[in-house]
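Trainee: The lines below spell out each chain.
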Amino acid sequence: MNSEQVETQFLQDNQILQVTKPARYIGREWNMVIKRSQDVDCSIALGFPDIYEIGMSHVGLKILYHVLNVLPGVQAERVFVPWPDMGDFLKAHHIPLFSLETKRTVASFDIVGLSVQTELNFSNILYFLDLAGIPFYSQERESEFPLIVGGGPAVYNPEPIAPFFDLFLIGEAEEAFPELVDVYRSVREMKKDDMLRELAQIEGVYVPSFYEIHYHQSGVISSIESRGKNAPLPVNKRWVNNFDDSPYPETILVPYIGIVHDRVPVEIARGCTRGCRFCQAGMIYRPHRERSKEKIVDLSKKLMTTSGYEELSLLSLSSTDHSQIEEIIQDLSRYFASQKINISLPSLRMNAFSIKIAESLQRVRKSGLTFAPEAGTDRLRRIINKGLTDMEILLTLEQVFLHGWEEVKLYFMIGLPEETEDDVRGIARLVSEGLKIGKRSAGKKVTIHSSVTAFVPKPHTPFQWVPQDDFDVLNEKIHLLQSLLRKEGRSVRFHWSEFQGNDMSFYARRTRGPKEVFPWEHISCGVEKAYLFSEWEKAIRQETSMMCSQPDTCLQCGVCGG
Amino acid sequence: MTPSSFRYRLRQIKLHPFHLISQLDLNRLWDRVLRRAKLPILFSQGFNPRPLLSFGPATALGIESRAEFLEMIFAEEIMLDAFLHDCNHELPPEMQVMEITQIPPGMPSLMQSMEKIRYSFFFPRTSGEVNYPSEWLLDDLELFSVDTRRKDQYMVSCFFRGKRMLMNPRKIISCIQENHPHLWGDPIGIIIIKEEICFRC
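These protein sequence lines are chains A and B, in that order. The working numbering puts the first residue of the first sequence at 1, with every later residue one more than the last. The working numbering puts the first residue of the second sequence at 1, with every later residue one more than the last.
Simulated from the structure, these hints should not be mistaken for lab results. Hints are supplied without guarantee of correctness; some may be wrong.
No more than 30 angstroms apart at the CA atoms, straight line, and that leaves these computed lysine-lysine pairs for DSSO-like [as the list claims (entries may be wrong)]: (1) 293(A) x 38(B); (2) 436(A) x 515(A); (3) 116(B) x 295(A); (4) 301(A) x 38(B); (5) 409(A) x 444(A); (6) 340(A) x 302(A); (7) 171(B) x 340(A); (8) 340(A) x 301(A); (9) 35(A) x 293(A); (10) 229(A) x 191(A); (11) 229(A) x 356(A); (12) 192(A) x 35(A); (13) 487(A) x 444(A); (14) 409(A) x 436(A); (15) 445(A) x 38(B); (16) 439(A) x 409(A); (17) 409(A) x 356(A); (18) 171(B) x 21(A); (19) 293(A) x 191(A); (20) 229(A) x 529(A); (21) 171(B) x 91(A); (22) 295(A) x 340(A); (23) 38(B) x 35(A); (24) 163(B) x 116(B); (25) 515(A) x 229(A); (26) 356(A) x 444(A); (27) 38(B) x 302(A); (28) 21(A) x 340(A); (29) 21(A) x 116(B); (30) 515(A) x 529(A).
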């Protein structure tokens, strides 16, 4: 079935009505880019190993779609993983996975970029390749297949999926991808191995086949070596130096169906100054960079005008930490008030300043607020360097309920390093206290939703040396928390599911030695291992670290040279 | 409603592939179209202001339509031609607004004034000789025309009235299939188009 048949026949057939939400597969969103085929010499499928509603919510994809489509001769198109009912449907009818823009098959593109957000996407990568009719292994693919490129935060630990990719872009792809396209144009006629050798010269490119991993008998890695001088060791991440001038879309795709984050995102800062020790984003997106107020206001106006969206989100890892956040919100609120456009902040810290900001955002309607205390006691919060005490949390909740909100959502983790039973009980204590305070200050019953997830130690963080909790231990903690919270009729949700498979304890559930070579040691996010280890040692001593926003509090993490 | 408000009724088409977006999606789309086109829509009062926009009967998912009706209330009187131009500039060709009329504020709502809905069913020709029924009898259905002249298709057009008016016409197909299993073995390829809505006033 060619692209025209997909468009006219397949989407016209009543059979498509058998799948859930067929509108996921029609494309045609407002502001979609299609160039005339005679104007295109390099086609790129921007693949996302998750469904439409999730992929369409991803800011990185929006940035790349823009950055690539502004390049003359380049056509970037989106491909999401279909829901299994559609996947089965495509297979049953021998229709290979197609793009949303021109309905071309994925295999017919020059380059396929896959943005990998978490380890949970790994299996979907294979599903994606399978539906596209592309062989899984890089070595099984000659140059008649597209170049398969991986990127995104999960590829800072690329080895579990390395055999399936031709190369990875490490770091912020809006920097490296246009360069990759440039080089690709000049080497596309070469044999694949020679082509990869040329592409490996681009900073931030990791070509797995050019590296060798050696092991001790125990299975622990002894060394990672590059084959020849053309493959750098380590591969350093790319990052946007001049963030204020970095490209950002001025039009945005407007979907027809509801998506997870159905609003205009304006990225106001990248990176985070806080240094929470469990947080991978806080490490790999260093250094902290801000977009200027002028740029933010200008982009917001353009994006809202060209999209017609009803909500604007000022996005960053810790939005209230932007040095001009109050002025930005003032300006934007004044401008958008008459158009009934809401402004939202995705990440609020638990302090009086955040409540003041939230108050200024919601003049009329008081919807819920979400915070992340992460752990149940002061002790454990010092260990993870959250920089938040029980007292501050409860004072914030008091302010929240005094100001008229009636619903709060709190995010916690269990299974953090050095956690004891008291820390788990602490979560229930905090929630109970919060409810009492809420009832007192609001004068009526309030609701606190607790969301609890199991901690997963992440590469390139101070906790990369620690084991993940055992299933049984986690289950015990869950049961304890459930009994404590349910006794009082509290709402609690656990995000936790088990799977049967190979024994992963060697990889996930052992303490690693201080000198052990990690499987991601050849990939550098700029933050030095010595710094991460010193943070881990401080964690054990329950010592906290300062924010890195002031010059005199630099912790020498290595990313920006102080 | 504010003292000065102006009510308009629109007819919009919704053709392939947008027959795959739902009524809820259409609602969302209009929110955004009105903002992009900078139209003087009025908003409801209260905690969660919504544009004053109301739709006629929802079209079932998968059915194309030449008769999507909606009404909107503006703060000022608008030029109808300019409206069509501005609005259609923000809509894909398959979802253009075909007509707009101003209507007096006191008129009954779209749903109240609806009398009947006409759907056309296009059945693909099957191989071999088939005696198509030239007359159909179904409760609450008023047969409009049967067209067997076209080579590739057999077209039936009927008015749905009474209780059937708001039902999914796809149910009619299953009903026909039960009664005439030899005619169309497989409902795939049967295209249904919502052709028109007749109003009492």
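Trainee: If a hint holds in the structure, say so; if it does not, say that too.
Mentor: To see whether the hints hold, each was checked on the structure:
In summary, the hint linking residue 293(A) to residue 38(B) is supported, as the alpha carbons are separated by about 26 angstroms, within the 30 angstroms threshold. Our distance criterion of 30 angstroms between C-alpha atoms is broken by residue 436(A) and residue 515(A), whose separation comes to about 48 angstroms. For a cut-off of 30 angstroms, the pair hint linking residue 116(B) to residue 295(A) is broken: about 54 angstroms separates their Cα positions. Annotation: proposed proximity of residue 301(A) to residue 38(B) holds, straight-line Cα distance about 14 angstroms (limit 30 angstroms).
Proposed proximity of residue 409(A) and residue 444(A) is supported: the alpha carbons are some 17 angstroms apart, at most 30 angstroms. Distance check on the hinted pair: residue 340(A) and residue 302(A) sit about 16 angstroms apart at the alpha-carbon level, within 30 angstroms; holds. Distance hint between residue 171(B) and residue 340(A) is unfulfilled; the C-alpha atoms sit about 41 angstroms from each other, more than 30 angstroms. The straight-line distance between the Cα atoms of residue 340(A) and residue 301(A) is roughly 14 angstroms, inside the 30 angstroms bound, and the hint therefore holds.
Under the criterion of a C-alpha separation no larger than 30 angstroms, the hint pairing residue 35(A) with residue 293(A) is inconsistent with the structure, at around 33 angstroms. This hinted pair checks out: residue 229(A) and residue 191(A) have alpha carbons roughly 19 angstroms apart, not beyond 30 angstroms. Restraint check: the Cα-Cα separation between residue 229(A) and residue 356(A) comes to about 55 angstroms, which exceeds 30 angstroms; the hinted pair is violated. Annotation: proposed proximity of residue 192(A) to residue 35(A) holds, straight-line Cα distance about 28 angstroms (limit 30 angstroms).
Restraint check for residue 487(A) and residue 444(A): satisfied, since their Cα atoms lie roughly 20 angstroms apart, inside the 30 angstroms limit. Distance restraint check for residue 409(A) and residue 436(A): the Cα-Cα separation of roughly 16 angstroms lies within the 30 angstroms cut-off, and the hinted pair is therefore satisfied. Restraint check: the Cα-Cα separation between residue 445(A) and residue 38(B) comes to about 42 angstroms, which exceeds 30 angstroms; the hinted pair is violated. A distance of roughly 16 angstroms separates the Cα atoms of residue 439(A) and residue 409(A); the hinted pair therefore holds under the 30 angstroms criterion.
Note on residue 409(A) and residue 356(A): the hinted pairing holds, with a Cα-Cα distance of about 18 angstroms set against a maximum of 30 angstroms. With a CA separation close to 20 angstroms, the supplied pair residue 171(B) and residue 21(A) stays within the 30 angstroms bound. For a cut-off of 30 angstroms, the pair hint linking residue 293(A) to residue 191(A) is broken: about 48 angstroms separates their Cα positions. A distance of roughly 24 angstroms separates the Cα atoms of residue 229(A) and residue 529(A); the hinted pair therefore holds under the 30 angstroms criterion.
A C-alpha spacing of about 28 angstroms is found between residue 171(B) and residue 91(A), which places the hinted pair at or below 30 angstroms, so the restraint holds. At roughly 22 angstroms between alpha-carbon atoms, residue 295(A) and residue 340(A) fall within 30 angstroms of each other, so this suggested pair holds. For a cut-off of 30 angstroms, the pair hint linking residue 38(B) to residue 35(A) stands: about 28 angstroms separates their Cα positions. At roughly 10 angstroms between alpha-carbon atoms, residue 163(B) and residue 116(B) fall within 30 angstroms of each other, so this suggested pair holds.
For the proposed pair residue 515(A) and residue 229(A), the alpha carbon gap of about 26 angstroms is at most 30 angstroms, so the pair holds. As the CA atoms of residue 356(A) and residue 444(A) are separated by approximately 22 angstroms, the hinted pair is consistent with the 30 angstroms bound. The straight-line distance between the Cα atoms of residue 38(B) and residue 302(A) is roughly 14 angstroms, inside the 30 angstroms bound, and the hint therefore holds. With a CA separation close to 29 angstroms, the supplied pair residue 21(A) and residue 340(A) stays within the 30 angstroms bound.
The suggested pairing of residue 21(A) with residue 116(B) holds, with an alpha-carbon distance near 29 angstroms, which does not exceed 30 angstroms. Among the hinted pairs, residue 515(A) with residue 529(A) is consistent with the structure: their alpha-carbon atoms are about 10 angstroms apart, no more than 30 angstroms.
In terms of the numbered hints stated before, the structure departs from hints 2, 3, 7, 9, 11, 15 and 19, listed from lowest to highest.
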